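Chemist: In case you want the letters, here they are:
Number of protein chains: 2
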Amino acid sequence: MSELQRALKARDLNGIRALTKNWTGPAVADSMKAMSEIEQAVVMRVLPRNVVAAAFEFLDRPNQNRLLKALGQQEVADILNHMAPDDRTEFLEESPATVTKQLLEVLSPQEREVALSLLGYPKKSIGRLMTPQYVAIKENWTVRQVLDYVREHGTNSETLSVLYVVDDHGVLIDDIRVREFLLAPQDRVVSDIMDNRFVSLKADDAAESAVSLFLSEDRKALPVTDTTGVLIGIVTIDDVLKIAENRATAEMQRVGGSEAFDEPYMSIGFWRMVKKRGGWLVILFLGEMLTATAMGFFEGEIEKAVVLALFVPLIISSGGNSGSQATTLVIRALAIGEVALADWWRVMRREIFAGLALGSILGVIGFFRIAIWSGFSTIYGPHWLLVGMTVGVSLVGIVMWGTLAGSMLPFLLRRVGFDPATSSAPFVATLVDVTGLVIYFSVAFLFLKGTLL
Amino acid sequence: MSELQRALKARDLNGIRALTKNWTGPAVADSMKAMSEIEQAVVMRVLPRNVVAAAFEFLDRPNQNRLLKALGQQEVADILNHMAPDDRTEFLEESPATVTKQLLEVLSPQEREVALSLLGYPKKSIGRLMTPQYVAIKENWTVRQVLDYVREHGTNSETLSVLYVVDDHGVLIDDIRVREFLLAPQDRVVSDIMDNRFVSLKADDAAESAVSLFLSEDRKALPVTDTTGVLIGIVTIDDVLKIAENRATAEMQRVGGSEAFDEPYMSIGFWRMVKKRGGWLVILFLGEMLTATAMGFFEGEIEKAVVLALFVPLIISSGGNSGSQATTLVIRALAIGEVALADWWRVMRREIFAGLALGSILGVIGFFRIAIWSGFSTIYGPHWLLVGMTVGVSLVGIVMWGTLAGSMLPFLLRRVGFDPATSSAPFVATLVDVTGLVIYFSVAFLFLKGTLL
Numbered sequence: 001m002s003e004l005q006r007a008l009k010a011r012d013l014n015g016i017r018a019l020t021k022n023w024t025g026p027a028v029a030d031s032m033k034a035m036s037e038i039e040q041a042v043v044m045r046v047l048p049r050n051v052v053a054a055a056f057e058f059l060d061r062p063n064q065n066r067l068l069k070a071l072g073q074q075e076v077a078d079i080l081n082h083m084a085p086d087d088r089t090e091f092l093e094e095s096p097a098t099v100t101k102q103l104l105e106v107l108s109p110q111e112r113e114v115a116l117s118l119l120g121y122p123k124k125s126i127g128r129l130m131t132p133q134y135v136a137i138k139e140n141w142t143v144r145q146v147l148d149y150v151r152e153h154g155t156n157s158e159t160l161s162v163l164y165v166v167d168d169h170g171v172l173i174d175d176i177r178v179r180e181f182l183l184a185p186q187d188r189v190v191s192d193i194m195d196n197r198f199v200s201l202k203a204d205d206a207a208e209s210a211v212s213l214f215l216s217e218d219r220k221a222l223p224v225t226d227t228t229g230v231l232i233g234i235v236t237i238d239d240v241l242k243i244a245e246n247r248a249t250a251e252m253q254r255v256g257g258s259e260a261f262d263e264p265y266m267s268i269g270f271w272r273m274v275k276k277r278g279g280w281l282v283i284l285f286l287g288e289m290l291t292a293t294a295m296g297f298f299e300g301e302i303e304k305a306v307v308l309a310l311f312v313p314l315i316i317s318s319g320g321n322s323g324s325q326a327t328t329l330v331i332r333a334l335a336i337g338e339v340a341l342a343d344w345w346r347v348m349r350r351e352i353f354a355g356l357a358l359g360s361i362l363g364v365i366g367f368f369r370i371a372i373w374s375g376f377s378t379i380y381g382p383h384w385l386l387v388g389m390t391v392g393v394s395l396v397g398i399v400m401w402g403t404l405a406g407s408m409l410p411f412l413l414r415r416v417g418f419d420p421a422t423s424s425a426p427f428v429a430t431l432v433d434v435t436g437l438v439i440y441f442s443v444a445f446l447f448l449k450g451t452l453l
Numbered sequence: 001m002s003e004l005q006r007a008l009k010a011r012d013l014n015g016i017r018a019l020t021k022n023w024t025g026p027a028v029a030d031s032m033k034a035m036s037e038i039e040q041a042v043v044m045r046v047l048p049r050n051v052v053a054a055a056f057e058f059l060d061r062p063n064q065n066r067l068l069k070a071l072g073q074q075e076v077a078d079i080l081n082h083m084a085p086d087d088r089t090e091f092l093e094e095s096p097a098t099v100t101k102q103l104l105e106v107l108s109p110q111e112r113e114v115a116l117s118l119l120g121y122p123k124k125s126i127g128r129l130m131t132p133q134y135v136a137i138k139e140n141w142t143v144r145q146v147l148d149y150v151r152e153h154g155t156n157s158e159t160l161s162v163l164y165v166v167d168d169h170g171v172l173i174d175d176i177r178v179r180e181f182l183l184a185p186q187d188r189v190v191s192d193i194m195d196n197r198f199v200s201l202k203a204d205d206a207a208e209s210a211v212s213l214f215l216s217e218d219r220k221a222l223p224v225t226d227t228t229g230v231l232i233g234i235v236t237i238d239d240v241l242k243i244a245e246n247r248a249t250a251e252m253q254r255v256g257g258s259e260a261f262d263e264p265y266m267s268i269g270f271w272r273m274v275k276k277r278g279g280w281l282v283i284l285f286l287g288e289m290l291t292a293t294a295m296g297f298f299e300g301e302i303e304k305a306v307v308l309a310l311f312v313p314l315i316i317s318s319g320g321n322s323g324s325q326a327t328t329l330v331i332r333a334l335a336i337g338e339v340a341l342a343d344w345w346r347v348m349r350r351e352i353f354a355g356l357a358l359g360s361i362l363g364v365i366g367f368f369r370i371a372i373w374s375g376f377s378t379i380y381g382p383h384w385l386l387v388g389m390t391v392g393v394s395l396v397g398i399v400m401w402g403t404l405a406g407s408m409l410p411f412l413l414r415r416v417g418f419d420p421a422t423s424s425a426p427f428v429a430t431l432v433d434v435t436g437l438v439i440y441f442s443v444a445f446l447f448l449k450g451t452l453l
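Protein sequences, first through last, are from chains A and B. So the first sequence is numbered by our numbering: it starts at 1 and just counts up by one. So the second sequence is numbered by our numbering: it starts at 1 and just counts up by one.
In short, the hints are calculated from the structure, not lab data. Fair warning: this is a prediction, and the values are worked out from it, not measured in the lab.
Any copy, or any two copies together, can satisfy a pair, since identical chains are not distinguished.
Okay, derived cross-link-like pairs now, DSSO-like style, lysine-lysine, Cα gap no bigger than 30 Å in a straight line:
| hint | residue 1 | residue 2 |
| --- | --- | --- |
| 1 | Lys33 | Lys202 |
| 2 | Lys275 | Lys123 |
| 3 | Lys69 | Lys21 |
| 4 | Lys304 | Lys449 |
| 5 | Lys138 | Lys21 |
| 6 | Lys101 | Lys242 |
| 7 | Lys123 | Lys242 |
| 8 | Lys124 | Lys202 |
| 9 | Lys202 | Lys242 |
| 10 | Lys101 | Lys33 |
| 11 | Lys242 | Lys124 |
Construct the entire structure; sequences and hints are all you get.
Modeler: In structure tokens, the structure reads:
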């Protein structure tokens with residue numbers, strides 16, 4: 001048993017205080033995971049409030065909830081008031097609405113105002129990621145004034161590497177690295193150092209828009225303005241990393257043909273998961289039923305030439321595979337901004353040729369498969385050459401069509417306002433399956449009319 | 001024409017100098033994109049070396065290469081010597097080997113040593129992301145000594161928010177936020193502030209391992225140690241954001257059934273792209289040929305009951321869709337650490353029940369589709385009830401099998417050392433297509449023996 005565990009068991013508050021003297025938030029959170037609820041509450045009571053708030057941010061949701069229940073109202077208020085505004089927003093928005101309301105009430109009037117204004121932005125917007133903990137300066141200040149101001153007001157700001165210059169109306173007019181002030185003469189004026197070049201985020205924009213900006217700008221934090229250009233907060237890169245990872249997960253899940261889970265695979269409820277997966281599977285199934293209709297339409301042909309049926313799975317799945325491939329490539333390229341909506345024409349040209357090349361490769365392999373097999377077996381009948389040509393030519397057409405449909409569907413979906421990732425791999429495969437059958441039997445009719453058909 | 005353009009045209013060096021006085025790296029890079037090569041070279045010559053190096057980092061690769069050609073060897077050396085070590089590593093490793101060698105030769109001996117040591121780590125390892133620009137302190141220093149040291153040596157370090165405590169052998173023993181030194185009395189000793197709790201990365205580990213650590217630790221930078229625990233550098237979160245986005249892109253491309261491109265969709269060469277896509281399509285096509293073999297095996301059954309052929313695409317694609325769905329979910333959960341290899345059993349149990357639920361839903365819909373249709377049409381013949389039951393029961397089995405195969409394949413691949421994302425949606429679909437046919441015709445034999453078969 002560790003000294004701390006012994007002190008906890010004995011409820012020796014001074015002992016606990018001595019042992020946890022130098023602990024920081026993450027250390028506290030780490031060791032609390034192994035404690036009972038009561039022990040957690042005891043530790044939380046002994047530690048300084050700012051350390052407790054820091055530790056609270058590092059606990060997972062179930063531990064946070066347990067702890068809130070074990071603590072008194074004043075203690076909860078202290079924790080919430082000491083939390084970083086952006087982490088508090090995240091915590092509040094993940095709480096049930098009634099709990100959020102109770103929690104907001106225990107905040108100090110000042111912090112409540114901050115919390116409410118952050119919660120006032122749309123879900124998944126830049127505004128929800130903001131923290132108001134930045135340092136703003138004026139352009140007529142001297143370097144000395146700036147450095148004094150930073151020393152006085154800077155300890156609380158999320159990042160001190162960049163200072164923001166605002167005009168008298170609070171409008172952002174520049175951002176300057178602190179480093180430049182350290183190297184400049186003390187009596188120089190801010191406006192002499194300004195280059196009036198800055199990038200900023202808009203509070204109402206989607207949170208995901210921050211990812212590409214952070215990637216291209218190589219910054220640890222970016223300023224956020226409202227619609228009039230007034231500086232209202234900053235977004236730090238650690239939140240953006242979370243957003244980027246969550247976006248990639250949601251995108252991947254959609255591409256795989258399911259709704260985005262919005263929670264980890266292992267913790268999502270079973271029926272909730274079945275619902276998110278079943279919805280799309282049913283839609284795809286209903287769409288796929290058209291293949292039965294299409295097959296029914298060609299039943300006469302199949303009866304005359306059963307050999308045609310043998311290649312149906314091969315043919316349609318090749319279209320599905322090439323379509324899945326093209327659609328995931330284009331969805332990701334659109335998501336990370338490698339291609340824009342306006343590039344659809346260049347992508348289409350590229351994909352037509354790619355489809356032709358890929359289809360020709362598969363077509364040739366398919367033809368020779370049938371030709372060579374026919375040397376050893378009579379399964380494909382006397383007209384194996386025509387059957388081989390039917391399969392080969394169909395493959396070229398179907399792979400081209402799959403590639404084209406798969407690559408253009410994400411553009412179409414974004415154009416009409418949907419998430420491009422709705423064009424999932426199974427969705428494209430289903431679409432191509434149905435049309436693929438029509439292509440296959442049409443080609444068969446062309447080649448086999450008068451012989452098998 | 002802007003003043004700068006005029007000054008450039010007139011080769012008015014003093015004018016250019018005055019106009020670009022306050023420019024920082026990104027601003028220079030931005031305006032250089034619109035300049036001719038000669039103009040770029042002129043601007044680069046006029047600006048201070050550190051600004052030029054900063055601007056160089058923000059240019060894209062083609063612009064970088066053009067510029068290197070236009071500049072003299074001394075100027076190239078100056079730029080490279082002034083670049084941040086981590087950005088320089090990235091630049092060097094993306095250059096052709098012969099160019100890298102030439103570039104290394106123009107570095108100062110000191111910087112060459114740094115560059116070579118960073119390039120000595122395996123590709124895509126933490127070591128390649130490192131920068132040696134951190135501040136290390138000793139545990140017996142006072143707070144005053146630490147702050148003096150930071151003032152003197154800190155301006156060059158990538159992040160100043162955290163200082164690293166090392167022992168006499170350079171072994172990392174703690175990390176402490178600068179903030180704590182600002183609040184502590186000047187004569188306190190470092191060891192009094194230490195909590196001996198820190199997380200660090202290993203230089204030889206895969207770069208991707210940094211992503212989950214940064215997500216859980218909420219830091220802007222993390223220290224890197226060698227195998228003996230000696231601090232050798234830090235990794236900053238902006239590089240990790242890039243790694244996370246690149247990983248997600250590669251994963252998505254693999255899941256879509258293609259090799260990872262490793263370069264943007266629009267800039268990858270056409271035949272290079274066809275090769276990366278064609279390789280997998282051919283493998284899948286060869287696998288899918290087994291469906292033709294399987295169908296050939298059941299040719300007799302199809303001839304007796306053509307109605308069975310009608311549902312082949314519907315049946316196998318449902319298995320493929322549920323498999324695609326399960327595999328993408330599990331691949332992503334494995335990638336971001338939501339599930340570990342050891343969780344395979346829990347995932348399997350969950351997926352068996354999910355497959356049963358999803359298969360039952362589709363099975364019921366499929367059965368009623370046939371039952372209702374038969375009220376209006378004779379296409380399914382007098383034995384429509386048995387056909388409906390064949391389709392319904394097959395769907396339950398195939399969706400369960402698809403879900404199971406799709407969810408377990410990524411575990412199996414990781415177990416034997418492959419990337420789980422190799423289990424792409426089309427790969428699972430192909431696997432399930434072949435086995436799905438066997439399931440379907442076996443169920444058909446069970447229900448239709450003595451009537452249709």
